[in-house]
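The whole structure should be built from the sequences, with the hints applied where relevant.
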Amino acid sequence: MAEVAALDQVEPASPGGPEVAGRSPWALAGRRLVRNRVAMGGLVLFLLIVVVSFAAPIYADHVAHVNPFENNLNGTTIVNGKKVPLLQQGGGILHLGETPIGPTWDIHHYFLGADQNGRDVASRVLYGGRSSLIVGVGSAVLCCFFATVLALLAGFHGGVVDSVFSRSMDVIWAFPVLLLAICVATVLLNAPNGVGVGPIRVQASSLWLPTLIIAFIFLPYVFRPVRGHVLAVSEKEYVEAAIAQGASGWRLVFSEVLPNVITVVIVLLPLIIATTILTEAALSYLSIGVQPPNASWGSVISDGQGLLYTRPWVAIAPGIMIVLTVLALNVFGDGVRDALDPRAKLRIEG
Amino acid sequence: MATFIIRRMLSLFLVMFVITVVVFMIFFHTPGIDPTRQIAGRNPSAAAVKEIKHQFGLDRPLPIQYLLMMKKIFITRDLVSYSNQGQRIVPEVVQAAPATLSLAFGAAVIWVVVSILMGLAAAVFKGSLVDPVLMILALIGISMPVFWVGELANLITQSRWHDTFLFHWVPPLGYTPFVQDPGLWFKGLVIPWITLSIAFIGLYARVLRSSLLEVQNEDYVRTARAKGLSERRVLLRHTLRTSMITYVSLFGLDFGALVAGATLLTEVVFGIHGVGYLTYQSIGNLDLPTIMVTVIYGAFFIVLANAFVDIAYAWLDPRIRPA
Amino acid sequence: MEKRFWRGLVAMGAIAAVVIAAGCGGSGGGGSSSGGSSSPSTTAAAHKGGTFTILANSSFGVADPAQNYTLQEWQLLINSHDGLVQFKRVGGTAGTQIVPDLATSIPTPTDGGKTYTFQLHKGIKFSNGQVMKPSDFVTTFERQFTVPGPTSFYSGIVGASACKPSHCDLSKGVVADDSAYTLTIHLTAPDPEFLDKLALPFAYVVPASTSKKLTGNNVPPGTGPYMWKSYNPNKEAVLVRNPYFKVWNPAAQPEGYPDQIVEKYGLQISDEVTQVERGAADEVFDGDVIPADRLNELNSPQYANQVHVNALTADWYFAFNTTTPPFNNQKARQAVNYAADRSAYVKIGGGSALAVPTCQILPPNFPGYKPYCPYTNGSDTTKWHGVDLAKAKQLVKESGTSGAKVVVNSGNDETSKALGEQMVSDLNKIGYKASGQYLADGIQYPYVQNSKNHSKWNIAWSAWYQDYPAPSDFLNVLLGCGSIHPNSDASPNIAAFCDKAIQAKMDQAEKTGVTNPDAANQIWAQVDHEMTDQAPWVDLYNPKQIDFLSKRVGNYQWNPQWYILIDQLWVK
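Residue numbers (the numbering used here), protein chains in the order written: chain A, 232 to 581; chain B, 945 to 1267; chain C, -17 to 554.
Errors might be hidden in some of the hints.
[Stated by the list, open to error] Straight-line Cα separation of at most 27 Å, DSS-like style, residue types lysine-lysine; simulated pairs:
id : chain 1 : residue 1 : chain 2 : residue 2
1  : C       : K387      : C       : K352
2  : C       : K194      : B       : K997
3  : C       : K434      : B       : K1016
4  : B       : K1016     : C       : K194
5  : C       : K434      : B       : K994
6  : C       : K195      : B       : K1015
7  : B       : K994      : C       : K194
8  : C       : K217      : B       : K1016
9  : B       : K997      : C       : K217
10 : C       : K211      : C       : K246
11 : C       : K146      : B       : K994
12 : B       : K1131     : C       : K246
13 : C       : K434      : C       : K246
If you are wondering where the hints come from, they were derived from the structure by calculation, not from laboratory data.
See below:
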């Protein structure tokens, strides 16, 4: 981008002097990003969480030796060398209720304790990370992709196309975000034979449903800024120059408009991922996000609600994971924004 | 200016209309959900089912049903809930609104005051340790899911430390109307207010700080400094005012969203029976009339807030007025 | 009635009054006192007064007694309204006895058991001052048909079959003589359970001027010691004393102790517990769904006198879809019964203090109950001891259904979801490919009843609480051929199970019950065992109810029909 190049000027060329090491704006931005220690820290943390979460099967099978998706109410484990039942009956005179064991802090035996169904909380938190990340990142990527395509179409064609898309986005935007997600999710989940378009059937327990729903509700958040940028860029001189040179239609879009607009999307992406992860957690907490047998951080927090006063770790652990992940993404996202457009405002409003 | 306002209002109505149609289609047209069954009660006879269908207009074509519902909401205002046919919905929503409004207002006061202080401090003390520390706190605030924070708050204030001097005053979860007991109203809302405001404090502190820093480099600020004004005066009289434009417009949108029912998660966690809670419950019961009214209520406030912010922006900054 | 509306209990008819009551089922804590506490008039007077506050998570929906089918409202309606007959208002097994209420005595039916003639008390007033007359009952029964709601209880009345919501004329079936003060009811066929049905709040008298349409959340005036001051489903219900009430039959409708009864709505159950612990309220209504982390607190000795646990005559079970493979095969169904780990289900239900595993249909302490559990390891078939996976796997093999895809349908609240997940586990253990389908509670129950959805699920969770302690209320209502209503959301025979031979036996038991209840119960016991062998269900456990009361509450009594007797509690 012109501004980026201008700000990071390399030594001026001198005639006959050494070769000027020119750098593309992307490389310059990349270098700026890499030099930003805090942002890199965020990226590393995020990747670490991703790796650990996707290593969930390894942990569950080989380290903890549990199946975190099957009930194990009558199971036992070893604590301090002794065999203890996973669920212990209440004491006193009445013996009401069954309480799962709390954290053992033993990585091989129910590190964070068990939940009400005798399942290993630590494994579920890791597997939960898998689902949350898949839904979070997947929906953000889908959202950005489709919103960009729609914005390009709208901004470039203008007229009716623009009106229709913009008004539709207005409607989605006007829906209280969570509300729309809850409505759609409730309805789709209670269409018990899954939802289908033609031959494609999506089961309620599939991760596709929350992914698509969340991608859908955040479309306006990406569409609006991107469209704004498309409109702005379309009026710039270099586009006019390209048109004068005979470029038109999709070639124009791809060669001139898109590269300049893509930075908006790149800056938005980490922030959108952070938001989608939080939204997925909220939906799963309300039991209309990720469905059993899949676990997600939000659903484990929901499981922990009934145990909050006696076994708070079931609710605390997944929450900590969410905070770390979203924090890492926010920090990294800040770094990306600073690298690509150091003078941009904090929020790119639509 | 006037035409701009009128056009925004028109577009508001259009958007509301589309939203109601969408909600209607979502819930009415869904397989597996039969409103007749909800109204008919338990184990009704076939004849009763047929009569109810007719009585509630459920055997008419969908567009007619939609119009009937709209009529009942706006004109006759006697729309009843499917889950409880003794319950009129519009008064029910009106009764629930004060809880949501109390929650939203209180949280807004806290978050505005704290975020302005934080943002100012971070900008003023940029370069020292204060800035990054405050910003990290802000980031952490944004990163915490509000329902989780609420759960932890409950754990601490209701259970673990309830008996200490810190939290013994925290009443059991729930909302007490102000007119019934102002003291209890206040005590019961303090923890929810703080919980709800945390994420917003983080966000707005960052927004303000960033706006302030950006404006610092503007020409008119440099002129003010060159004239010999103290940093503090420059900050408070020049940069802060300009920075508030972004802040205020964002605030308008977020506050509108809260009033509209984005308080849902906080209400559910703290047992506050506001509009958000009502919405959530009615969706779980697939009680279409209640869903419809709460969605209309919510969408109205959001669209209104949007329009208001647009108008305020246009008034504040003539450059942005559309042709 | 099914779980959500489990709050409906009908009096056991005097005819079916032979209760095999091994005990009152009370255990722990304050337990259930039988026969009520001794309350000479001095003690009674000293304890009169005060306000009893109940905390409930949600309201009971619409308040019109002609529609409401929830125990939650019924526990209050028995104090504000009266029927022709009533359960004895005492705790323990004596509380299952039918006594006359507005009638002066229990009549013997004439005309081959089809006609009941009641002589009514004179001078009883409604809470609005009107005098109760027999013709008020005509309106009461007609409202059963003009207001949407369950009608099957009274469909045996002459003229009922022609009734529709727009028009119902029962003048031939319910004959009122206001001068002689008699009420005569004509049935189309003898019904040994009719007196039970008359003790249901549906049949409690309301003034003849009451609208034939749904009165919404306004409760029509009644003749009981309390009257409804207000009901706001989002806030609370308030009952105060009825100024026109005078005791005419203390066994059926005694004077209540509290001056006011308040039921508050909308609290989370965890907070209900907290408030009662602190004495800010008197009763946790949702004692059956107290979250696990609070249950443990109730075990503490400081609450010993405030926690009461009582067995319920109810089943929590999974119904097979017997119309489609693989569970149209009896061996497959039996296999699942052998594999179902009832001890795990019991743990989900709150542990062995709160749930008792069972294999058969009828619950303990029920007429016709003889302990029977064939689906266990070992040789003792009177109770469940453990799973028999070997037998289960063998039966799967013999049935030829191994590897079949099975959809487990359940609710999405914490407990029913956990039960569903456990069933998925159990099915997978014996070679099926099971997956879960979790629907919102309000949808799940009608969904699994409707035959249109039969292709979508293979085994579904449900729960049933007695309407009245007659074996037919479980065996015939839930598994009888006549309870299958195709394409309807109201078809209580979820399993769509129909065995002609067993049905014939049930019909015979019903007929015998008119004249010889003991003999009838013998037949019902056989039916129960044969039905269990056919395995239309996997019955999991019989739940228990927790009543958690504040420290100041005294005179707790557990009535098997109405459960906690609110009006008899002392709050002073």
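Quiz item: Looking back at the hints listed earlier, which ones does the structure fail to meet?
Solution: Hint check: 1, 3, 9 and 13 fail, others pass.
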